[in-house]
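Q: Note that the protein sequences, when read in sequence, are chains U and B.
Take any residue in the first sequence, note its place counting from 1, add 8, and you have its number in this note's numbering.
Take any residue in the second sequence, note its place counting from 1, add 5, and you have its number in this note's numbering.
Source of the hints: derived by calculation from the structure; they are not laboratory data.
Bear in mind that the values here come from a model prediction, so they are computed numbers and not experimental data.
One thing to keep in mind: the hints can contain errors.
Residues from chain B shown here face chain U by an in silico Cβ test under 7 Å; the list is partial [unchecked claim]:
{"#": "1", "residue": "13"}
{"#": "2", "residue": "24"}
{"#": "3", "residue": "85"}
{"#": "4", "residue": "142"}
{"#": "5", "residue": "197"}
The beta-carbon is built from N, C-alpha and C at its ideal position, and this holds for glycine as well.
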Amino acid sequence: MTFIYPTDSNKAHPLPLSPEYKSSIKRAPNKPLIPMRHTLSELTGPVYGHETVREGDADLTTQHTGEPLGERIIVHGHVRDEDGRGVPNSLVEIWQANSCGRYVHVRDQHPAPLDPNFTGAGRTVSDAAGYYRFVTIKPGAYPWGNHHNAWRPAHIHLSVFGHSFVTRLVTQMYFPADPLFPFDPIFNSVPDETARARMVSSFDLENTQPEWALCYRFDIVLRGKNATPMETK
Amino acid sequence: MQDSVKPDGITPSQTVGPFFKYGMTPTGEYAWNDAFTNSTLTPDVSGDRVRIEGRVLDGDGAAMPDAMLEIWQADAQGRYADPQDKRALPNASFRGFARCGTDKDGNYSFDTIRPGVVPDPDGKPQAPHIVLAVFARGMLRHLYTRIYFSDEAGNAADPVLALVPADRRATLIAAREAGKAVYRLDLRLQGDDETVFFDV
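Produce the complete structure using the sequences and hints provided.
A: What follows is the structure in structure tokens.
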């Protein structure tokens, strides 16, 4: 049953040490990672489906008594593998700042208002074709202490399982043409420009709902298996 | 709806950041429900129950209060709760996955069962182990490591431990506390005792 996920795919990821992002300096390993063959332990992975998701978890605008402030948006797309195949039944979790750029996290000290009608967390499971969809509020940009006048481009954090422990992905979805891109060391920690572009959603007029919400499309591409299965005993 | 087009590569990783807790590990502190806890235990699970605990430390040896750890493991019979593992599953509701956010002093803990033996790609037995993924602010991509158990004779012949220089293997082996089903393993992201991380 053993298939190998090529480790070449990992070249799209940031290098662990990215000195412009100051927090990485004391938190990136100094010693090289040790290569190993994937065993059953790496090739299998947690399977969580609809029983993990409550009704309404995918709509971040209806989790409280009132409606949150800000620009209502639809974020949708497919979880795919590198060959473009949809990844079905994969848990997708998101968390984000509110429309003012403030997180409900107790350690967020940005002097922007909290919204009593917005927590900013959601989850869903991709369907049989790998499709997922959230309704939320467009998050605001916010300042952080990395360097003078540092601002994070607006983003939504995403966590995706895929079908193996080595397809696990935590990333951030950005919005098109954000003027903060050139100045953000986290976005620019991804060395390859085309790989960076895969973290940016596209505006989706076709699925924008008239009189209701703008739509953004974001496909999440996970590591794929080699086309040729490797038989093992 | 867009048709399937071969992508030009995978979506790159980005850091989990400092503010994941209310969404990923709220544990009653926020107005959101937990999908996961730090326990894999289910009523029907067979095997020896163990607790694994320790701290997560940065390059200065300082506690990391904002790390997120995830474990993935086989049951006591060495079976994974994944349809790709075609072998019989004696523990029907055991999932083998748990998630834990570190506390203000960098502590983590997992309640689980001691996993059984899982074969390597050549069919050779691997010593009981748990796969561990580490996420944190400052980590642009999560890191993979393994947790082994100090009182397992099989460690000496484990094919993955054999890849690790002998003087670094201790960073992967949780030490049993005398007389208790508690194992301790600190994770160090840098330094002389830097935890071994694997390129998978």
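Q: It remains to establish, for every hint, whether it holds in the given structure.
A: Checked hints:
For the restraint placing residue 13 (chain B) at the interface with chain U, the shortest Cβ-Cβ distance is roughly 6 Å, inside the 7 Å limit, so the hint holds. With its C-beta approaching chain U no nearer than about 4 Å, residue 24 (chain B) sits inside the 7 Å limit, and its interface hint holds. The criterion of a C-beta within 7 Å of any C-beta in chain U is met by residue 85 (chain B), whose closest approach is roughly 4 Å, and the hint holds. Here the hint on residue 142 (chain B) is kept, as its CB sits about 5 Å from the closest CB of chain U, short of 7 Å.
Because the smallest distance between the Cβ of residue 197 (chain B) and any Cβ of chain U comes to about 10 Å, over 7 Å, the interface hint for this residue is violated.
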